[in-house]
Amino acid sequence: MNRLRVLGILAAGLLAAAATAASAESVLFVGNSFTFGARSPVMRFRPDKVTDLNGEGIGGVPALFRTFAEEAGLTEDVSLETSPGKPLSWHLANRRAVIDRAWDVVILQGYSTLDPAKPGDPAAHIQAAAELARIFKAANPKVKVYLESTWSRADQTFRPEGHWAGRPIEAMAQDLAAASAQALKASPDLTAAIPVGTAWTRAVHAGVADPNPYDGIDFGKVSLWTWDQYHASAEGYYLAALVIFGQVTGVDPLSLGAQEQAAVDLGLSPAIAQGLRQAAHDELAAR
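My numbering puts the first residue of the sequence shown at 1, with every later residue one more than the last.
Hint data in this document are derived by calculation from the structure and do not stem from the laboratory.
By construction, the Cβ of each residue, glycine as well, lies at the ideal position given by its N, Cα and C atoms.
A couple of the hints might just be wrong.
To be verified - Quick list of in silico lysine to aspartate or glutamate cross-link-like pairs, EDC-like style, CA-CA up to 20 Å: (1) Lys142 x Asp228; (2) Lys86 x Asp228; (3) Lys185 x Asp228; (4) Lys144 x Glu25.
As the list claims (entries may be wrong) - Derived Cβ-Cβ restraints for the label pairs, each shown as a range: (5) Trp90 x Ala138: 16 to 22 Å; (6) Leu74 x Ala102: 16 to 22 Å; (7) Lys185 x Asn54: 27 to 33 Å; (8) Asn54 x Ala102: 17 to 23 Å; (9) Glu70 x Lys185: 34 to 40 Å; (10) Asn140 x Phe219: 24 to 30 Å; (11) Asp48 x Asp252: 37 to 43 Å; (12) Thr75 x Ala171: 22 to 28 Å; (13) Gln182 x Pro116: 27 to 33 Å; (14) Val98 x His205: 38 to 44 Å; (15) Ala186 x Thr51: 26 to 32 Å; (16) Pro84 x Lys185: 40 to 46 Å; (17) Ser255 x Gly207: 21 to 27 Å; (18) Ala93 x Arg39: 21 to 27 Å.
Could you build all of it, start to finish, from the sequences and the hints given here?
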């Protein structure tokens, strides 16, 4: 092969790579331990697939999202900025210099009880979500900013000191979803809510997940919570990522199929993984 032809092939390859990079949709995840996959193998899942803006080597839910995107034939450039135990207001006050740039998609995930000091009070959460969305919209008027509604915590429901103690397991997720609805109504810069928490509830009602880890896990079901009954198990984070993926991309989680690679790599039961994909599909289809 002559030298000019070799150079031509190399140039074409570089141009193709540059075109792919230019066409990739930029996606930013902003959140806390619920986004980075704390207390599960998801935290260190495929960190090479994402850009951790804090340089901590985290893969987390964003890496699951990127894996699903690749399997669906999508080109996504995924980044994350996370810190444990932080509400959205913390990222606004402490990480604006890191995240304030033009993104195509942003996923915001706030504190699990809405307000660390006043559980169940959505005011500060709504205000911070609106301000972050305004900043991202100023950087790119076409950006889509999503607000994730997270899951009911078993420790907040079944322990007597929990804010949702004595109420059904659905209650906390419903309250968090209601807070997201208020935030969307208050801010024209927010695109939509991502119904992760109500998808968890759906998985429970479908018999895929056990509703109460404190009284044991029924045979054939899984706990969506990890050992602290607060953060998610690998299955719980997998379901969260499926819902986020389906909401943001419009791709049906069921289309990922029975051989979906992230589920295989995480060691999820094929039947459970399929049940979680079904729950994600059903929740998104119901909206």
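Earlier hints that do not hold, by number: 1, 3, 10, 11, 12, 13, 16
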